[in-house]
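Residue numbers (numbering that gives the first Met the number 0), protein chains in the order written: chain A, 0 to 293; chain B, 0 to 280.
Any given hint could be a false lead.
[As the list claims (entries may be wrong)] Okay, the calculated beta carbon distance ranges per label pair: (1) B:Val-21 - A:Ala-197: 21 to 29 Å; (2) B:Ser-62 - A:Phe-96: 39 to 47 Å; (3) B:Ala-134 - A:Val-276: 27 to 35 Å; (4) B:Arg-225 - A:Thr-6: 41 to 49 Å; (5) B:Gly-239 - A:Thr-44: 31 to 39 Å; (6) A:Arg-65 - B:Trp-184: 17 to 25 Å.
[To be verified] 25 Å max Cα-Cα, derived DMTMM-like pairs, lysine to aspartate or glutamate: (7) A:Lys-40 - B:Asp-223; (8) B:Lys-43 - A:Glu-151; (9) B:Lys-43 - B:Asp-53; (10) B:Lys-43 - A:Glu-144; (11) A:Lys-286 - B:Asp-166; (12) B:Lys-43 - A:Glu-223; (13) A:Lys-286 - A:Glu-223; (14) A:Lys-40 - A:Asp-52; (15) A:Lys-40 - A:Asp-30; (16) B:Lys-43 - B:Asp-243.
Honestly, the hints are just simulated from the structure, not real lab data.
Using N, Cα and C, we set each Cβ at its ideal position, and we do this for glycine too.
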Amino acid sequence: MSGTWITTRAWLLMLPLLIVMVAVIGWPLADTVHLSFTDAKLVGTSGSYVGFDNYVRLVTGNAFGRTLFTTTFFAVVVVTTEMVLGVLAALLLNQQFYGRTLLRALLILPWALPTVVNATLWRLIYNPEYGALNAALTQLGFLSEYRSWLGEPGSALTALIVADCWKNFPLVAMIALAALQAVPRDVIAASFVDGANAFNRFRFVTLPYLAGPLMVALVLRTIEAFKVFDIVWVMTRGGPANSTRTMSILVYQEAFSFQRAGSGASLALIVTLIITVLAIAYGTIVKKVAGSAT
Amino acid sequence: MERQNPLFRLFLHVAALLLAAVILMPLVWLFVMSISPAADLAAKPLRWWPETMDFSRYATLLSTLENSAGAAFVASLRNSLMVAGMATTAAVALAVPAGWAVSRTPSVGWSLSLVIATYMLPPVALAVPLYMALANFGLLNNVFGLALVYLTILAPFTTWLMKSGFDGIPREIEQAAVIDGASLWQTLRIITLPLALPVVATSALFAFLLGWDEFFYALLFTSDQRAKTLTVAIADLAGGRVSDYGLIATAGVLAALPPVVVGLVMQRALISGLTSGGVKG
Numbered sequence: 000m001s002g003t004w005i006t007t008r009a010w011l012l013m014l015p016l017l018i019v020m021v022a023v024i025g026w027p028l029a030d031t032v033h034l035s036f037t038d039a040k041l042v043g044t045s046g047s048y049v050g051f052d053n054y055v056r057l058v059t060g061n062a063f064g065r066t067l068f069t070t071t072f073f074a075v076v077v078v079t080t081e082m083v084l085g086v087l088a089a090l091l092l093n094q095q096f097y098g099r100t101l102l103r104a105l106l107i108l109p110w111a112l113p114t115v116v117n118a119t120l121w122r123l124i125y126n127p128e129y130g131a132l133n134a135a136l137t138q139l140g141f142l143s144e145y146r147s148w149l150g151e152p153g154s155a156l157t158a159l160i161v162a163d164c165w166k167n168f169p170l171v172a173m174i175a176l177a178a179l180q181a182v183p184r185d186v187i188a189a190s191f192v193d194g195a196n197a198f199n200r201f202r203f204v205t206l207p208y209l210a211g212p213l214m215v216a217l218v219l220r221t222i223e224a225f226k227v228f229d230i231v232w233v234m235t236r237g238g239p240a241n242s243t244r245t246m247s248i249l250v251y252q253e254a255f256s257f258q259r260a261g262s263g264a265s266l267a268l269i270v271t272l273i274i275t276v277l278a279i280a281y282g283t284i285v286k287k288v289a290g291s292a293t
Numbered sequence: 000m001e002r003q004n005p006l007f008r009l010f011l012h013v014a015a016l017l018l019a020a021v022i023l024m025p026l027v028w029l030f031v032m033s034i035s036p037a038a039d040l041a042a043k044p045l046r047w048w049p050e051t052m053d054f055s056r057y058a059t060l061l062s063t064l065e066n067s068a069g070a071a072f073v074a075s076l077r078n079s080l081m082v083a084g085m086a087t088t089a090a091v092a093l094a095v096p097a098g099w100a101v102s103r104t105p106s107v108g109w110s111l112s113l114v115i116a117t118y119m120l121p122p123v124a125l126a127v128p129l130y131m132a133l134a135n136f137g138l139l140n141n142v143f144g145l146a147l148v149y150l151t152i153l154a155p156f157t158t159w160l161m162k163s164g165f166d167g168i169p170r171e172i173e174q175a176a177v178i179d180g181a182s183l184w185q186t187l188r189i190i191t192l193p194l195a196l197p198v199v200a201t202s203a204l205f206a207f208l209l210g211w212d213e214f215f216y217a218l219l220f221t222s223d224q225r226a227k228t229l230t231v232a233i234a235d236l237a238g239g240r241v242s243d244y245g246l247i248a249t250a251g252v253l254a255a256l257p258p259v260v261v262g263l264v265m266q267r268a269l270i271s272g273l274t275s276g277g278v279k280g
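One chain only, chain A, in its complex shape (with noise of 0.2 Å):
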């Protein structure tokens, strides 16, 4: 078979699926290129071309730097917490003890549970009235009246925060375990006799091996939390006093709240670009760590 037939062959195979993300995926995005240059509504009038005007009045106006800045913070607040609770997780079950089976097993459920139920969950917990979290507190000692969690700006940011974390870190501490499961045994077993100490075992033994899955794990929640959007939805829908409101709620308001298509168009190719630009510089970095890892 000639190479220009197998390549033809290939193709011909793609092509359902590259029709099909043409059609979902590859349109809509160069249709929202080209809404962003103009004041469409969401409803009726297909409006008409202003260049970069939504840009310009977006980026000026008050309310983008202060949810970028909720959303910079959300993301980096909940991938460290979720990376570091990960990899603890991940060494305590690597480790032998009674009942590990079947903690292992029980990490399989905070990810396996929807996150539109993993909002609910914990908005009931916060509740003000008859949440779990004060009465807990109140019951223990450590609180003398309930609480509004989620109504409060200077806590609704942080409950969320470690809501997400408890959802999330459980996927972290199952890629880092599967590494350490690829860690050899006589590897560890040579640093023993050569009298490594345990935080040397785990820097110069382990964490390169742990280092290149954790690193996509790294990419991937960083990409999810600078879009998220359920749960913030769910839990508060980016109040109390716009203190949640993250981008990707921002861009829900202005499209579907305000009917602003135009603009709503142009937020949310922003908010890609912001995104694009992290995962190239992260990309970089993977390779570099990937490269000096093996």
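Put chain B on the given structure of chain A with help from the hints.
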């Protein structure tokens, strides 16, 4: 491992108990809320375990009586099953040939990279044109329209999983069959696909869980019982004026049950699927 002193062993077990408590407490509480009488949930101090277990909410939500809370819930359950099921079937049907092609013909691999890169796109970047298009075709508030939109998420993911699955099947087996006179189609049908079946199953499972979990598009593109999915129904309950928190918890338990059971039963397959990309780089 080699030298576990008693103090370290104690530390390990305390840490393990702590981790178990952190994971289980919220989940157990969700279940306890679902079986506690409403009065117990509103009591101060809060009752942590009901005196009498009350499973009536499960019956309420799963009843199909006209205009009951159950009818809306059962409809959303059916919609979720249909949308996730249809989208999964379509995604796998697209992914199997595409995944095989990329696995065996690396020169077209860049197109798959492009497809996978769409993972970075926030759904909000596609939402407005998709909304307008669905409105034009009369597919808003329609399970078929929603399933089509779910392909934006499911198809790249399943294709990526299928590609790494086919990578694990040596192409020498296929070549041997071709030398023995089998046509390509016969080779794929008799040799490759049966070997790839576990990966197909894992991909389908993942895709179904993603579809079951989806909320953003469902929130935007559905408006009533004809297409509203479970996630939207639960968010409605949580954000609405429902006075019985136990009912919200019950809906949560029911929605969580399928993925949690799948997760526990299929743990090994899911984890190897989750980590294959990570570990291989």
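To see whether the hints hold, each was checked on the structure:
no.: 1; hint: B:Val-21 - A:Ala-197: 21 to 29 Å; verdict: holds (24 Å)
no.: 2; hint: B:Ser-62 - A:Phe-96: 39 to 47 Å; verdict: holds (46 Å)
no.: 3; hint: B:Ala-134 - A:Val-276: 27 to 35 Å; verdict: holds (33 Å)
no.: 4; hint: B:Arg-225 - A:Thr-6: 41 to 49 Å; verdict: holds (45 Å)
no.: 5; hint: B:Gly-239 - A:Thr-44: 31 to 39 Å; verdict: holds (33 Å)
no.: 6; hint: A:Arg-65 - B:Trp-184: 17 to 25 Å; verdict: violated (59 Å)
no.: 7; hint: A:Lys-40 - B:Asp-223; verdict: holds (24 Å)
no.: 8; hint: B:Lys-43 - A:Glu-151; verdict: holds (22 Å)
no.: 9; hint: B:Lys-43 - B:Asp-53; verdict: holds (19 Å)
no.: 10; hint: B:Lys-43 - A:Glu-144; verdict: holds (12 Å)
no.: 11; hint: A:Lys-286 - B:Asp-166; verdict: holds (21 Å)
no.: 12; hint: B:Lys-43 - A:Glu-223; verdict: violated (39 Å)
no.: 13; hint: A:Lys-286 - A:Glu-223; verdict: holds (21 Å)
no.: 14; hint: A:Lys-40 - A:Asp-52; verdict: holds (15 Å)
no.: 15; hint: A:Lys-40 - A:Asp-30; verdict: holds (14 Å)
no.: 16; hint: B:Lys-43 - B:Asp-243; verdict: holds (16 Å)
Checked against the numbered hints given earlier, this structure breaks hints 6, 12; the rest are met.
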